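Asker: Sequence:
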Amino acid sequence: MNLCSYSNSCNLGNKKDRFILIKLEESQIQYLVSEIKNNNKEAFKEFFFCFQPKVFRFLYRYTSIKEMAEDLTQETFIKFWEAKENLIPNSSPVSYLFRIAMNLANNYLSRRPAVQPIYEKDQLLVNICKDPDKELDQVILMDDFQRAINTLPERCRAIFILSRFDGYEYSEIADAFQISLQTVKNQMNKAISILRKQLAAHLE
Numbered sequence: 095m096n097l098c099s100y101s102n103s104c105n106l107g108n109k110k111d112r113f114i115l116i117k118l119e120e121s122q123i124q125y126l127v128s129e130i131k132n133n134n135k136e137a138f139k140e141f142f143f144c145f146q147p148k149v150f151r152f153l154y155r156y157t158s159i160k161e162m163a164e165d166l167t168q169e170t171f172i173k174f175w176e177a178k179e180n181l182i183p184n185s186s187p188v189s190y191l192f193r194i195a196m197n198l199a200n201n202y203l204s205r206r207p208a209v210q211p212i213y214e215k216d217q218l219l220v221n222i223c224k225d226p227d228k229e230l231d232q233v234i235l236m237d238d239f240q241r242a243i244n245t246l247p248e249r250c251r252a253i254f255i256l257s258r259f260d261g262y263e264y265s266e267i268a269d270a271f272q273i274s275l276q277t278v279k280n281q282m283n284k285a286i287s288i289l290r291k292q293l294a295a296h297l298e
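Using this note's numbering, count along the sequence shown one by one with no gaps and you end on 298.
By construction, these hints were calculated from the structure, which means they are not laboratory data. It cannot be assumed that every hint is accurate.
Taking lysine-lysine and the DSS-like style, the derived pairs with C-alpha atoms no more than 30 angstroms apart in a straight line are [stated by the list, open to error]: (1) Lys148 <-> Lys160; (2) Lys139 <-> Lys160; (3) Lys160 <-> Lys291; (4) Lys279 <-> Lys148; (5) Lys173 <-> Lys131; (6) Lys291 <-> Lys279; (7) Lys160 <-> Lys173; (8) Lys148 <-> Lys135; (9) Lys148 <-> Lys131; (10) Lys160 <-> Lys284; (11) Lys148 <-> Lys284; (12) Lys178 <-> Lys135; (13) Lys178 <-> Lys139.
Only a predicted model underlies this, so the values are computations on that prediction, with no experimental measurement involved.
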């Protein structure tokens, strides 16, 4: 099912309507969830516009493939909508949303031979041609950094991305993955240790 066709039935609106809700308070999120459970498509529209950028950003960094991230983002929200009857009041719907996203990403990646770099070749060439002396080292470093991130174990990588790129608190990540706070800390320490070894040449 494609969210583009699904959006017509949900009346998701045009680009001018998007991303009006940049950040929601917890009470607002809970209200939207209660309305979504009652099949309120306008509530789902607001929830989608608020969290779609965050889910896409997470999936793009997690998979390193833009087209895959776009497709998985759509599928994440479709599955969230389809499972709306299972949403629990006063729980953490955002954590549930990210669990859906990560599970979909892991299922997709398990069927692929390898993860590609996050930077698209055309954009790299544009950056280098603009100012070769300034851009080349930065491009190489960022490409190596993404490659290093891709070597992290799946859950370790997801935790690192949510913490360092998306700014989630350890407690929020623990809730999202239904693990202890100490496990999150251990996974972060593991990620940092691996990345330091992988990027040792750049850190000298």
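Asker: Now tell me, hint by hint, if it's right for this structure.
Answerer: Each hint tested on the structure:
{"no.": "1", "hint": "Lys148 <-> Lys160", "result": "14 angstroms, holds"}
{"no.": "2", "hint": "Lys139 <-> Lys160", "result": "23 angstroms, holds"}
{"no.": "3", "hint": "Lys160 <-> Lys291", "result": "27 angstroms, holds"}
{"no.": "4", "hint": "Lys279 <-> Lys148", "result": "22 angstroms, holds"}
{"no.": "5", "hint": "Lys173 <-> Lys131", "result": "13 angstroms, holds"}
{"no.": "6", "hint": "Lys291 <-> Lys279", "result": "19 angstroms, holds"}
{"no.": "7", "hint": "Lys160 <-> Lys173", "result": "20 angstroms, holds"}
{"no.": "8", "hint": "Lys148 <-> Lys135", "result": "20 angstroms, holds"}
{"no.": "9", "hint": "Lys148 <-> Lys131", "result": "22 angstroms, holds"}
{"no.": "10", "hint": "Lys160 <-> Lys284", "result": "27 angstroms, holds"}
{"no.": "11", "hint": "Lys148 <-> Lys284", "result": "24 angstroms, holds"}
{"no.": "12", "hint": "Lys178 <-> Lys135", "result": "11 angstroms, holds"}
{"no.": "13", "hint": "Lys178 <-> Lys139", "result": "13 angstroms, holds"}
Hint check: no violations occur; every hint is consistent with the structure.
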